[in-house]
Amino acid sequence: MNFQPILQRTHAYLCADCGKCTGSCPLARVDPAYSPRRIVERVIHGDAATVVTDPQLWDCMTCGLCSTRCPSSVDFQRFIIEMRAVAYRTSERGVYAHDGILQEIMRLQTMNVHQNRTGWIGDELRTSDDDEYLYFVGCLPYYDLIFADLGVQAIDIARNAVRLLNRAGIAPMVSNEERCCGADLLLAGDVDSFRKLAELNVHMIEASGAKKVVFTCAECYNAFKNDYPTYVGPLPFETAHLTELLAEELEAGGLAFEPLSARVTYHDPCRMGRFLKVYEPPRAVLAAVPGLELSEMEDNRERAICCGSTGWINCGPSAKAIQKEKMRQARETGASVMLTTCPKCQIHLSCASRDLDAGQKIEVMDLTSWIGQALG
Amino acid sequence: MARTEPRVVVLTCNWNALQSLDQAGKQRFALPPGVRPLKVTCMGQVGSSAILKAFEKGADGVMLVACAPEECHYEFGSRRAAEMFKEVRQLTALLGIHGDRLQFTQVGTGEGANLVGRLQDFVDRLASLAEEPIHRQQPSAIGEGAAD
Chain A
1 MNFQPILQRT HAYLCADCGK CTGSCPLARV DPAYSPRRIV ERVIHGDAAT VVTDPQLWDC
61 MTCGLCSTRC PSSVDFQRFI IEMRAVAYRT SERGVYAHDG ILQEIMRLQT MNVHQNRTGW
121 IGDELRTSDD DEYLYFVGCL PYYDLIFADL GVQAIDIARN AVRLLNRAGI APMVSNEERC
181 CGADLLLAGD VDSFRKLAEL NVHMIEASGA KKVVFTCAEC YNAFKNDYPT YVGPLPFETA
241 HLTELLAEEL EAGGLAFEPL SARVTYHDPC RMGRFLKVYE PPRAVLAAVP GLELSEMEDN
301 RERAICCGST GWINCGPSAK AIQKEKMRQA RETGASVMLT TCPKCQIHLS CASRDLDAGQ
361 KIEVMDLTSW IGQALG
Chain D
1 MARTEPRVVV LTCNWNALQS LDQAGKQRFA LPPGVRPLKV TCMGQVGSSA ILKAFEKGAD
61 GVMLVACAPE ECHYEFGSRR AAEMFKEVRQ LTALLGIHGD RLQFTQVGTG EGANLVGRLQ
121 DFVDRLASLA EEPIHRQQPS AIGEGAAD
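Protein sequence lines, in the order shown, are assigned to chains A and D.
Quick note on our numbering: the first sequence kicks off at 1 and runs consecutively.
Quick note on our numbering: the second sequence kicks off at 1 and runs consecutively.
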């Protein structure tokens, strides 16, 4: 196996061996045996075969913090994803969390399934069969079932997204033929299934006639914006996160919120922040709520700490330690709730909360669900 | 391509279910040809992902056979399986897999004939469903843009 193309594509060849990646890696901080620098160096020095079979290959959360600090601009996330794809083809696997149910649901969606995934749309919500906008719901209907015990109420995100869009004068399309974006399969090394899902989604959206696709999930948004063009070519439609669209509407005066008296903090999901550089729109939406106070965490925006787990693989004690630190920072803001724009961050942090004492944790909610309260 | 015999994965626990299936064999009852029995130690250890995996790999139906709740070898296993089954029914409904393609049943010991009867009913019901749970082929317009 020739690893040179991976080293070249991800600029890993330029690694200066400085160790800034390992110094900034949230995982290395809690697991001293883990070192991004060493993983890159092993591949450069011809030891790639042992990296492919190393369980550590599946530990990286691809949070991207190392890449923001790398003086040689090594794209470590892409490097890890491409190495995992090689490993996957040789039957290596990460440790699937939740008994692998999420990977199973994703793989079934690569087939010709006809889902019933829009049952949450009640009479109070306006959707359309033919509109410029399509709301990409993501895996929320599945999360709503699988993570009911965490109290995350994932489908509330979708309901409130449509409510907010309606209030902005948009009745979006929502499709039963939507598939999982596939990002988590890409992270698990299953490139073929990821590509299939990407093709099915792009085809579905193209056929619907939508010009703009709106997301509430940072992972879906990043998959469409960063990964789909790489794996299936340029997209024939525009994409936006709901908060970007709402921020525009608020500025244009097309939307207003009722007062809500609360102090909140905002967690930048890696995908929204470091990957897509969408830092301000969620904050602009929160700033538009009268009476609301946004209190920033010690590490925010491009320095934000990851939620501890991605791709539904290799969740363990290290993830919990990272999440505990995140909770500490959130609590220190004095906020009553930590808001985020990624349902998976919400799930992971809510799960971590279960193991923490009352004095160590904070409620975690999706920004979309929370802001829905300000609609009156 | 039409298939006449539905492919059915039958998960049995190691106790009442396997014993009943074993007894059916000794009594020379024939199982429908598409049935693939698979023994697990206790139905309570089976997760939703195993059921979905069966459909992914081409099963037309999945039947879970556990002990009666009060006879479960591990006390809680059969109850746990019933809870899991409720969840997997909701997941398959979302995925568009017909509810008749899944069955959960609990048996006592020595219920060989009874179990084979239930299995046959399940297979007959599957045969009456028009389509495969998940077509293996992709819609025609899809897949043309796939690189490498």
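Watch out, some of these pointers could steer you wrong.
[To be verified] Pairs of lysine to any residue residues, derived as SDA-like cross-links and limited to a Cα-Cα distance of at most 25 Å, are as follows:
1. D:Lys57 <-> A:Arg331
2. D:Lys53 <-> A:Asn116
3. D:Lys53 <-> A:Gly376
4. D:Lys57 <-> A:Ala284
5. D:Lys86 <-> A:Val191
6. D:Lys39 <-> A:Asp99
7. D:Lys86 <-> A:Tyr88
8. D:Lys53 <-> A:Tyr279
9. D:Lys86 <-> D:Thr105
10. D:Lys57 <-> A:Val191
11. D:Lys86 <-> A:Arg263
Calculated directly from the structure, the hints in this document are not laboratory data.
Please read these numbers as outputs of a predicted model, since none were measured by experiment.
Would the pair Lys57 of chain D and Val191 of chain A pass a check requiring their Cα atoms to be no farther apart than 25 Å?
holds, 19 Å
Holds or violated: are the alpha carbons of Lys39 of chain D and Asp99 of chain A at most 25 Å from each other?
holds, 19 Å
If you draw a straight line from the CA of Lys57 of chain D to the CA of Arg331 of chain A, is it 25 Å or shorter?
violated, 46 Å
Quick one, are Lys86 of chain D and Tyr88 of chain A close enough, alpha carbons at most 25 Å?
Distance ~32 Å between Lys86 of chain D and Tyr88 of chain A Cα, so the pair is violated.
Between the alpha carbons of Lys53 of chain D and Tyr279 of chain A, is the straight-line distance 25 Å or under?
violated, 39 Å
Given the hinted pair Lys53 of chain D and Asn116 of chain A, is their Cα-Cα distance within 25 Å?
holds, 19 Å
Lys86 of chain D and Val191 of chain A: Cα distance at most 25 Å?
Status violated; Cα separation ~32 Å.
Take the C-alpha atoms of Lys86 of chain D and Arg263 of chain A, compute the straight-line distance between them, and say whether it is at most 25 Å.
Given pair Lys86 of chain D, Arg263 of chain A is violated - Cα atoms ~39 Å apart, limit 25 Å.
Hint check: Lys57 of chain D vs Ala284 of chain A, CA-CA at most 25 Å. Holds or violated?
violated, 47 Å
Satisfaction of hint between Gly376 of chain A and Lys53 of chain D, Cα-Cα up to 25 Å
violated, 44 Å
Mind checking the alpha carbons of Lys86 of chain D and Thr105 of chain D for me, to see if they're no more than 25 Å apart?
Roughly 13 Å between the alpha carbons, so the hint for Lys86 of chain D and Thr105 of chain D holds.
When held up to the earlier numbered hints, the structure conflicts with 1, 3, 4, 5, 7, 8, 11 and fits the remainder.
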